Amino acid sequence: MAAYDWFFDTVGLREWCNATKSEGTMSMADLLAKANGGAAETSWWEVPFPSLDTLNKSCEAVIRTRDFTASIEQAFLGVKDKMKVVLDPLTQPLSWMLDGALSLFVGTPWWLLIALMLMLTYYASRNVLVTIFVAFSFFLLAFIDHYTYAVQTLSIIFVCTILSVLMGVPIGIAMSKSNTFQRFTIPILDMLQTLPSFVYLIPLIFLFSVTESKLYGIAIIMYAIVPVVRLTDLGIRLVDKDVIEAANAFGMTSRQKLFGVEIPLALPNIMAGINQTIMMALAMVVIASLVSAPGLGTLVLRGIRNLELGVGLVSGFAIVLLAVVLDRVSKASLARINAAQSH
Amino acid sequence: MASDYTLNKASVPAKVVIKDLYKIFGTNPKMGLQHVRNGVNKTDLLDQYGQVLGLRDINVEMGEGQITVIMGLSGSGKSTLIRHLNRLIEPTAGEILVDGVDVMSYSKSQLRELRQSQMSMVFQKFALLPHRSVLVNAGMAMRIRGEEEDAINAEAYKWLERVGLKGVENQYPHQLSGGMQQRVGIARALTSNAPIMLMDEAFSALDPLIRTDMQNLLLELQKDLHKTIVFITHDLDEALKIADHLVILKDGHTVQQGEPQDILLNPCDPYIEDFVGDINRARVLRARSIMLPLSGELPSDTQGQVDHDDTLESIIARSGGDISHGFIVTKEGTPVGTIDMTAVLKALVPRISTDTGVRNY
Numbered sequence: 001m002a003a004y005d006w007f008f009d010t011v012g013l014r015e016w017c018n019a020t021k022s023e024g025t026m027s028m029a030d031l032l033a034k035a036n037g038g039a040a041e042t043s044w045w046e047v048p049f050p051s052l053d054t055l056n057k058s059c060e061a062v063i064r065t066r067d068f069t070a071s072i073e074q075a076f077l078g079v080k081d082k083m084k085v086v087l088d089p090l091t092q093p094l095s096w097m098l099d100g101a102l103s104l105f106v107g108t109p110w111w112l113l114i115a116l117m118l119m120l121t122y123y124a125s126r127n128v129l130v131t132i133f134v135a136f137s138f139f140l141l142a143f144i145d146h147y148t149y150a151v152q153t154l155s156i157i158f159v160c161t162i163l164s165v166l167m168g169v170p171i172g173i174a175m176s177k178s179n180t181f182q183r184f185t186i187p188i189l190d191m192l193q194t195l196p197s198f199v200y201l202i203p204l205i206f207l208f209s210v211t212e213s214k215l216y217g218i219a220i221i222m223y224a225i226v227p228v229v230r231l232t233d234l235g236i237r238l239v240d241k242d243v244i245e246a247a248n249a250f251g252m253t254s255r256q257k258l259f260g261v262e263i264p265l266a267l268p269n270i271m272a273g274i275n276q277t278i279m280m281a282l283a284m285v286v287i288a289s290l291v292s293a294p295g296l297g298t299l300v301l302r303g304i305r306n307l308e309l310g311v312g313l314v315s316g317f318a319i320v321l322l323a324v325v326l327d328r329v330s331k332a333s334l335a336r337i338n339a340a341q342s343h
Numbered sequence: 001m002a003s004d005y006t007l008n009k010a011s012v013p014a015k016v017v018i019k020d021l022y023k024i025f026g027t028n029p030k031m032g033l034q035h036v037r038n039g040v041n042k043t044d045l046l047d048q049y050g051q052v053l054g055l056r057d058i059n060v061e062m063g064e065g066q067i068t069v070i071m072g073l074s075g076s077g078k079s080t081l082i083r084h085l086n087r088l089i090e091p092t093a094g095e096i097l098v099d100g101v102d103v104m105s106y107s108k109s110q111l112r113e114l115r116q117s118q119m120s121m122v123f124q125k126f127a128l129l130p131h132r133s134v135l136v137n138a139g140m141a142m143r144i145r146g147e148e149e150d151a152i153n154a155e156a157y158k159w160l161e162r163v164g165l166k167g168v169e170n171q172y173p174h175q176l177s178g179g180m181q182q183r184v185g186i187a188r189a190l191t192s193n194a195p196i197m198l199m200d201e202a203f204s205a206l207d208p209l210i211r212t213d214m215q216n217l218l219l220e221l222q223k224d225l226h227k228t229i230v231f232i233t234h235d236l237d238e239a240l241k242i243a244d245h246l247v248i249l250k251d252g253h254t255v256q257q258g259e260p261q262d263i264l265l266n267p268c269d270p271y272i273e274d275f276v277g278d279i280n281r282a283r284v285l286r287a288r289s290i291m292l293p294l295s296g297e298l299p300s301d302t303q304g305q306v307d308h309d310d311t312l313e314s315i316i317a318r319s320g321g322d323i324s325h326g327f328i329v330t331k332e333g334t335p336v337g338t339i340d341m342t343a344v345l346k347a348l349v350p351r352i353s354t355d356t357g358v359r360n361y
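Going down the list, the protein sequences come from chains U and Y. Each residue of the first sequence is one higher than the last, beginning at 1 in the working numbering. Each residue of the second sequence is one higher than the last, beginning at 1 in the working numbering.
Accuracy of the hints is not assured; some may be wrong.
Computed, partial: chain U to chain Y, Cβ under 10 Å [stated by the list, open to error]:
1) D242
2) V243
3) A249
4) F250
5) T253
6) P264
7) L267
Derived from the structure by calculation, the hints contain no laboratory data. This one's a predicted model, so the numbers in the text were calculated from it and none came from an experiment. Every residue gets a Cβ at the ideal spot worked out from N, C-alpha and C, and that includes glycine.
So that you can see chain U by itself, here it is in the shape it has in the complex (with noise of 0.2 Å):
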């Protein structure tokens, strides 16, 4: 006799518990209990928690917790065609431009490329120690033969962190200028970012093939875009009042005000957001790589499989020294900014 049973007994259920009654499977406690001539009376003091499979015992109407888990899958595949005809085209210009930029990256001779990578840096940061610095970590790993992973990494976390400004950067806008947006927005931002970074994958899994490379392109971006969202959400908001009060005492059009003071004024900001985007594309890269997602990760991943320390131990390192490379571009970059409108 299980535990609930006097519940269903006295409400009077009993009649549609026995209607559905069929025989499923059985678990092993419920094998053994019957092997032991039918389960003991339970004391106060063991009285198992109403959840579902124990109310399940007593029961049958009643669905065990692996159903309710088996009815979100069903759920979901029965949703899954009519979504896909709807994001696989729209989703398809992702996977071109991670091939693209892929094959691109990888197929650029690696004397040009890099040099191109230190003109870009000298660009953006003016700064010769950073520069020397990324020309270093470059022909070390290129010395050590991890110069392909380590650029077909970078280029899946370039067309990601464009996509994630180009996106992120407009919404943040939105949020700033509308207090429902922010409240609608923010739980999504918040979920985005505590959810386990594997939980994103599973429900790509079952969208897209595991071939195609928009899978992992969606969810760096889905991990990546948030603080760039956030922070571009926070800059406008922090803009001077008295700022924007002389605009509007001038007559500024919101769109004059919009791209000649909200968005300079917030650009520190902004770029403080890129910079997370940044880091936050290269922690999710190489999580993708259990999703087909080539580069760094790919090796990490085999250090783990086939449990060579080595190889695991000297792509980690390879992956730190990318993570410095692109925090100290882009925080130099920041700096250069920060230093033309302090005030």
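Fit chain Y to the known structure of chain U by using the hints.
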């Protein structure tokens, strides 16, 4: 009270007229307005109905080419009032007429047009664009209107030089001192070439010496430009120095308005007596306010001539402290009245001593 005041100088047409203006902040301003019209005061309105009274029954006429100073302590609603003129704050009820047209009837684009070319504004905290050079800041209004870059820069250079900022055009606001930043603020307002200039506590953030400089600069500019200036301040000395027309606000309503000399000599409210008790009357009052108008012959027992705009301080200095002296008052060279030292001394005595404790107002 003073609310039925109209501009009595027939020669000066009103540029801006505020009629029956009310402002109530809160969740239900219409309900609050009803209560205020029924005579509920500021404290009761907040306690019983949770609405904040901003402005009550404001009627002011601002003469063309004159400096109208709105004075009051913090919380009196003066900054709220000036923001109604260009509708940075929307009134709960009332009319704001600029050149006879009600600003309240303006559409969004008409309002923008008004702000771009009719009214310029100078702010207490300067509110310059920190990421733009002084030159670009000065040309802001014309740039918003979308004018030619060359014309903008020519105007900006001209006005920056006029306010004494030649040579710093390519610096950034944070590289300048407070006084210089506010000069940029004034140049920005002048470059817009708007006939009306709103100045919201424009000199309050500056230290006293710089403030005097800026007041002199403003008066000197006004001599040539004849703008319609609305100036907000909490400093009575400043108000008396620059005002053609003075409006005193308290708790959101006008306590008294008129020519500064009149207010000083005939304060109509203990609040104002308290205010004016603190100032150096000899420095503010002028011969014309207390002279006896000339009747018939010029008296022969006078010790010389003084101008009608001379302060009592300078007359006392002329007399060398001798109370038996008397002077002929002249206006542009012709005698218009007489003044004797007894009248001067009487004028220096406030109607109520400040020590008698009217400060609880």
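**Report entry** Hints violated by the structure (listed by number, smallest first)
**Finding:** none
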